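As they're listed, the protein sequences go chains A and B.
According to UniProt numbering, the first sequence is numbered sequentially starting from 1.
According to UniProt numbering, the second sequence is numbered sequentially starting from 1.
Keep in mind that the hints were calculated from the coordinates and are not lab data.
Every value quoted in this text rests on a predicted model; they were computed, and no experiment measured them.
Worth double-checking, as some hints may not be accurate.
Since the list gives no way to pick one copy over another, a pair counts as held whenever it fits inside one copy or between any two copies.
To be verified - The calculated DSS-like cross-link candidates involving lysine-lysine, where the alpha carbons are at most 27 Å apart (straight line), are:
#, residue 1, residue 2
1, LYS263, LYS195
2, LYS71, LYS131
3, LYS91, LYS195
4, LYS91, LYS263
Number of protein chains: 2
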Amino acid sequence: MKKLKRSARLVDMTQYLLSRPHHLIPLTTFAQRYGAAKSSISEDLAIIKEVFEDQGMGELLTLAGAAGGVKYIPKVSREGALIFINQLCEKLSQPDRILPGGYLYMSDLLGQPGLMNEAGKLFATAFADAKIDCIMTVETKGIPLAYATGAELNLPVVLVRRDHQVTEGSAVSINYVSGSQKSLHTMSLSRRALKERSRVLIVDDFMKAGGTIQGMVDLLAEFDATVAGVGVLVESGEVESEQRLLHDYVSLATLRAVDAKGKEISVEPGNYFSRK
Amino acid sequence: MKKLKRSARLVDMTQYLLSRPHHLIPLTTFAQRYGAAKSSISEDLAIIKEVFEDQGMGELLTLAGAAGGVKYIPKVSREGALIFINQLCEKLSQPDRILPGGYLYMSDLLGQPGLMNEAGKLFATAFADAKIDCIMTVETKGIPLAYATGAELNLPVVLVRRDHQVTEGSAVSINYVSGSQKSLHTMSLSRRALKERSRVLIVDDFMKAGGTIQGMVDLLAEFDATVAGVGVLVESGEVESEQRLLHDYVSLATLRAVDAKGKEISVEPGNYFSRK
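With these hints in hand, go ahead and build the complete structure from the sequences.
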């Protein structure tokens, strides 16, 4: 790379860091990339760090020593999270989302990559300090959230299937009871997909009693893997606490009530803030 | 926002632009954000533009006039695309991917958010100038690719389901023949998901004869919508040209042959470069 002025170097370092969240980048990488002294690189990083922190974009960690370097940890500020969650609640409350049976249409929101990426940043913030090896979700609607979270945390995504697929090789299948409908379902995971003793963050779009997520927890046990956390976009608040199979999770929004007759949906922020 | 020095302003403008691909940002947005003159903002943008172009990250378009502003168009350089596609082919050729029946295990690759996002950038490059209203895919494995492409192009994703789901409201279902197995399947799309006369980019992970994608094309016709393009990660080269249902598409890799006995997989670059 040709030798850059400080101004151009700052632009390039910013894009380099932003596109590599949770990667440790040795200072020598930058020093070589720009043919600059490490002291100049450190000055540049101090400028970038200040902007990232002022903008509530997260932290720029500097690790000293031979194995050291710099690591960008994307985090959403409390203020940014509040704005996002309030907007999400407002969108979820639009009365034309009510479907027959009191179900809520959310596919338009789940279909917005920018919104999913922002939600993924919130999960990455909530679980930034957890020891996690991978993200898990079950098909279908939680997939974009799981990938958004995985991208921010620099972690792979493991996808649980409803049926055993020929393209997955040998798989472990379990039966689980979906809490809301008390009906029996199957989910399966390829043997190759998950290393034993992995620590797994489960992500999904919606949780009622938590039967589907409990199914994933049971599946993890078959792999000697453990749950490092659970994140859901929307939880249903229409479930009694004793009916809930799962109590330790992070939710961004809580669906309080759907009044199909009165065409009213009541949504409030989830436990994202109260957990902290 | 407090008044920033040029160095800090460059860092912030870079992150602002990178997080809003294909958004038109009026210069006044920046001028107000930094309390700076438009002439200073223009100088900053010239620096950023040069770095983005030198790094093969895409274009920074400046549109003059009252409705003008600046727009970041992410594009992968030819050199960057070549490196990515060669690495992809190498990974796909690993002999331990061969499954019983000659199928290829790809879930580990599809489970890497970074790799999916990079592939999405290639599709965003190939279709940067096409008039597109949304991205479409059918569950399950093409979903991360579709979202990655949608994020880069600032477009929503429409998800076709294999079954009609109660959370989708009324839906249009069609039957289609999967070309490789000559078996009959169903796919369905929520009526709300797609506006009539939309121009749609179809994205999927794998294409053999093209039956599944042809199913999506048929489904589009039910919505008076049209195909603006088709992008697949891997195409099977084991299909005779006259068997192929679809001829106009962009592929990143071509699976030439799977020799289950000899444990060899032959993969070569798709038509991504030859189309240009």
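Status of the hints after comparison with the structure:
no., hint, verdict
1, LYS263 - LYS195, "between (47 Å within a copy, 24 Å between copies)"
2, LYS71 - LYS131, "within (16 Å within a copy, 38 Å between copies)"
3, LYS91 - LYS195, "between (39 Å within a copy, 19 Å between copies)"
4, LYS91 - LYS263, "within (14 Å within a copy, 52 Å between copies)"
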